[in-house]
Amino acid sequence: MSETYYECMRKQGITRRSFLKFCSLTAASLGLGAQGAQQIAHALETKPRTPVIWLHGLECTCCTESFIRSAHPLVGDVVLSMISLDYDDTLMAAAGDQVEQALEDTIKKFKGNYILAVEGNPPIGDDGIYCIPGGKPFVEKLKHAAKDALAVIAWGSCASWGCVQAAKPNPTTAVPIDKVIKDKPIIKVPGCPPIPEVMTGVVTYFLTFGRVPELDIQGRPKMFYGQRIHDKCYRRPHFDAGQFVERFDDAGARMGYCLYKVGCKGPTTYNACSAIRWNDGLSFPIQSGHGCIGCSEDAFWDKGGFYEHLTTVRPLGTAGIEGTADQIGGTLAAVAGVAIAAHAAASAIKQARSKTRNDLTSVPEKKVE
Amino acid sequence: MATYQTQGFTLDDSGKRIVVDPITRIEGHLRIQVNVDKDNVVRNAISTGTMWRGLEVILKGRDPRDAWAFTERICGVCTGVHALASVRAVEDALGIKIPKNANTIRNLMHAALYAQDHLVHFYQLHALDWVDVVSALKADPRKTAEIQQLISTWKNASPAYFRAVQDKLKRFVESGQLGIFANGYWGSPAYKLPPEVNLLAVTHYLEVLDFQKEIIKIQTIFGGKSPHPNWLVGGVPSPINVSGTGAIGAVNQTTLNMVKDICDRTIEFIEQVYIPDLLAIAGFYKDWAKIGGGLAAKNVLAYGEFPTIPNDYSNKSLLLQSGVIIDGDLKNVQDVDLKAPDQIQEWVTHSWYKYAQEQNGLHPFDGVTEPNFVLGKDTVGTRTNIEWLGTEGKYSWVKAPRWKGHAVEVGPLARYLVAYARGNKYVQEQVNGVLKKLDVPITALFSTLGRTAARGLEAQYTAHMMLDFYNELVANIKAGDLATANVEKWEPKTWPREAKGAGPCEAPRGALGHWIKIKDTKIDLYQAVVPTTWNGGPRDAKGQIGAFEASLLGTPMANPAQPLEILRTIHSFDPCLACATH
Amino acid sequence: MRADPVTGEVLQGPLEPVYVYEAPVRLAHWVFAIAITVLAVTGYLIGDPVSIQQGEASESFFFGWIRTIHFIAGYTLAIMFVVRVYWAIVGNKSARSIFVPPLWSPRWWKGVFAQASYYLFIGKERLWVGHNPLAQAAMFFMFTLGVIFMILTGFALYAQQWGWGLTPMNLFGWQFVLFEQPQTLRTLHHLGMWYVLLFVMVHVYMVFREDIMSGQSVISTMINGVRMWKAKPRAH
Ligand code: HEM
Ligand code: HEM
Ligand code: NFV
Ligand code: SF4
Ligand code: SF4
Ligand code: F3S
Ligand SMILES: [Mg+2]
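Top to bottom, those sequences are chains A, B and C.
With this note's numbering, letter number 334 in the first sequence gets 1339, and the count goes up by one each step, no holes.
With this note's numbering, letter number 575 in the second sequence gets 579, and the count goes up by one each step, no holes.
With this note's numbering, letter number 201 in the third sequence gets 214, and the count goes up by one each step, no holes.
The following block holds chain A by itself, in its conformation from the complex (with noise of 0.2 Å):
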């Protein structure tokens, strides 16, 4: 733990010009101005390369197939310049005994000072059996990973929230990792997946500020999650002008109205895509025509159909039977009205019935002294 980024960068043979630049890309992409640039060129001037075990539990490699895609900075600098990759059986070169041994290493070697990632989630039930790496419960090597971390990442909406293998009836009981990790700070980065330069930007905020990045009540890093999608949704005019897609390819759709009424979630969904967009800032899920389905938040899986705008819900009791909430109060208010209707015309049936008033009452008739 000798050299640092910047001595790495240079042995690269990077020059001390495009080093900077790139911290000051790096700097905007973090919405920081000229001073975060300075800041993160001297942390890169100063600190070692950090390194980063990266666990895969019950998960799909979407969030490292993202990771793969970052732009600023490129995937390829962040793994040999900024950070080192010490363990990651997506990558290593190593398989087996040796691979299971880098992993001891550098947890032995780097005690304290690594940074865990955590792709995909442990599943619990049944002993952790539907998840068995080297033939033990992934949640073991997660606990005994995590124990000596500096602090651990959690990638994607699987290791934040649970995710698809979490949805109901979640068979495998599948949790977040903040349910077996209790004494670390966790960064959550939702998303499935997250979008790469957001997990490239929480790495290098970490490294550049030697912290974890400002979290909200949730641990997500404010700076990327603290908006919703439809804050910044360039539909957003469409919206508030009553311009909806009624039905994909309408007329509407081709003019790229506001995705509301077919089911778009940006309103309840905290993400960076409108902001920041995908895969080099070349789009995002509403931009290509299909509303977002609110993959960073929690148990979103489980909200209702991607193509309703409301969570479609199940009336207590009734097993077979749901709707949205229209149906269901519609349904009611429809039979409040016919007892309504009922119950007026038996009132009228017996007033009419009845002589006097005088029978209706029930207070007995005594003066008071």
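No lab work stands behind these hints, which were simulated from the structure alone.
It is possible that part of the hints are untrue.
With a straight-line Cα cutoff of 25 Å, these simulated BS3-like cross-link-like pairs (lysine-lysine) come out [unchecked claim]:
hint, chain 1, residue 1, chain 2, residue 2
1, C, K137, A, K1355
2, B, K504, A, K1173
3, A, K1173, B, K526
Given the coordinates of chain A, assemble chains B and C with the ligands onto it according to the supplied hints.
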């Protein structure tokens, strides 16, 4: 077990036990166990998927129109393929016909995935089995430049360029923080490339890391993001508007230009970097044209891909044909029918699931996915600390699919064999060309090397397809057709009370099928039989082994403590365990 | 006149006018009635908007206005509710009745069932000084709790535009964590509308019915605050 015969192989589990777990540079969690004889030749192989999530269970009761999003999350490496199989299955069940543009756009997105996934596989996941990174430090960059100039006209070919990369590598290694290269099998006699070729490959490892993310932008243009772009039952979500108000935000002239540029660059990269590297490296490993064949010479299966006629998945329409070859009978390619109850079936005799009758296989329309983690008596260790998994009982989270009872191999090689046998001119020319260039017989295809070569050729083919699909899209728009989605049957109230359908797809790793049963507008049953389920599955009720297991038999190991040979052959399939078990 | 101190049931004559609803209670009532009507109409449209299919987006703010009206009505409801809570503390006994129904009193519950059985044409009519216990129960459970829920969830949805870490989210954002995520809260806010509307439907019906049929004044009471008696008490 001692020894037994199956499918023409002899298995013998008496020799020394070797466990490789985790297998790295794949997707998901895979364990490989082998027995080697006294000459360190593999005589028994056991393939175990060590993860399961239960997507088929989770899908029950949900809206069929949402299924693509769930199944897409089966895998982020072959991102989109499950979504494609899923929308096809739903469309088949409900009788929805997609518009021509939607078909072309889907093909374009899918072909782009092929090119990107195959490139990433060859360089990031497979190369380090053949390329000695440390040896590259000894290379003479001038000679590397000469080799580069000799094999292609690729622009990055100067000695200074390779020297810069070598310097970068040198300093990285000298820093003592070896990162992903730590504990690799560097210096093993199994590595055969001269230092200069090693340097060439390491350089391209870095270039591909950069370039792959450009190819996949096609998915972003039409699907909004990658990994996990958006799809739609009935078509694609992206509308087309090339000249009207609001065109920005739809598929328009700017995005079409971008697509064209990506197609051109993809063809260029694959033809000037990937294919030449593949041939150069293969030249040094010709012995691997005799190792690792397994089932390839016997049984292969493909559902076919890239329909040129929308909604038609028959060979009349497909660019890569469908079919099954049994017992290596290339003259008699049989037809596959996803819905025939006796063709595709899955066994769980040795998988951690429960069937009412474990000796029988089940067609996906009758499929059952109920976990049942029990260990065979010949297992060493405990439930939560497994040292050796025996094959008497259940030993994998992967099911064992069979075609008419036959274990088959799927993947690029299977596709190429089927297409070749079906008379696909493009494929025949490509294959014959390579065989000639490497000066090896056709039987060389049935090997680890053959599998890896087929993947490269397919990347080239699909890169050209990308451009063709682009041209098709433009021509169609020019003809005035802007439709991208058919929403006639969008509303569930237009659906029949009960319906069932199958969605075939060729994923980069092989034949993929999704089966759906819809009842009262909800998913009643969902089953996926996935490429790595076919290849990586365990034994069936008759003790027949799967493609991974068969491929390892007979492999000589230089040093059993360093499982390089196992990695080579297993990686040649490009395993994906999240897919396999789902 | 003697009335039950817990249920407000008139026990003994003679029947004389009683000033039950003080001015702030009446004012609040009519403000609530108007605000909730506006909120329900605009809220429904927020959930299922009509679309304008042509024109430039910048020329229209149609949906924006619907939402703005909803928010103005929401603020009005919330401010009036706070004022009403204040009055519940300083006002007369009737001013408190929809906030603290005597749920612990068996006598009160008997009153609830007595009134219910009267509405089911089983029991006899009784006279009440304030709200009858059944109405009081409905007002507490459906109106008071319902409106508190709508205000809290409404302001949480409203706070979203400021993002995490700013005061509105610090005040109301906890609900998103409590209910897993914003989508659930939105759905609950929408369902809440129907809950409150059910009350309104039954309430308005009952008010008119009672006004016509019962032995006491009803609608005018919510206008001038005074309970008048129409009935001649019947001898037991
Ligand atoms: C959105 C519509 C309405 C709401 C939410 C509503 C709500 C309420 C509430 C909460 C009370 C109890 C007042 C308190 O103790 O502070 C009340 C009482 C009352 N409301 Fe309404 N109200 C609505 C509409 C109406 C209408 C349309 C009428 C008559 C035309 C009406 C007539 C009355 C009367 C007469 C009372 C007093 C009942 C009694 O004497 O016990 N309300 N209402
Ligand atoms: C009885 C009172 C209320 C009723 C019946 C009501 C009804 C509704 C309904 C039906 C929706 C549409 C939900 C959907 O389907 O998306 C809605 C949305 C909303 N309501 Fe209310 N609401 C009430 C009170 C409030 C209050 C007090 C506020 C506070 C300001 C508020 C703020 C909002 C906001 C911010 C939205 C979401 C608007 C958007 O993001 O476009 N509501 N309301
Ligand atoms: N096996 C597999 Fe896949 C592929 N290709 C899917 O169908 O990788 Ni994840
Ligand atoms: S969060 Fe989503 S993208 Fe990432 S591993 Fe999980 S399922 Fe895949
Ligand atoms: S498309 Fe979605 S995020 Fe964008 S304005 Fe409409 S509702 Fe909001
Ligand atoms: S679906 Fe996910 S990728 Fe962004 S736009 Fe929505 S959070
Ligand atoms: Mg399956």
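Hint numbers not upheld by this structure, sorted from lowest to highest: Going through the list in order, the structure violates no hint and respects every one.
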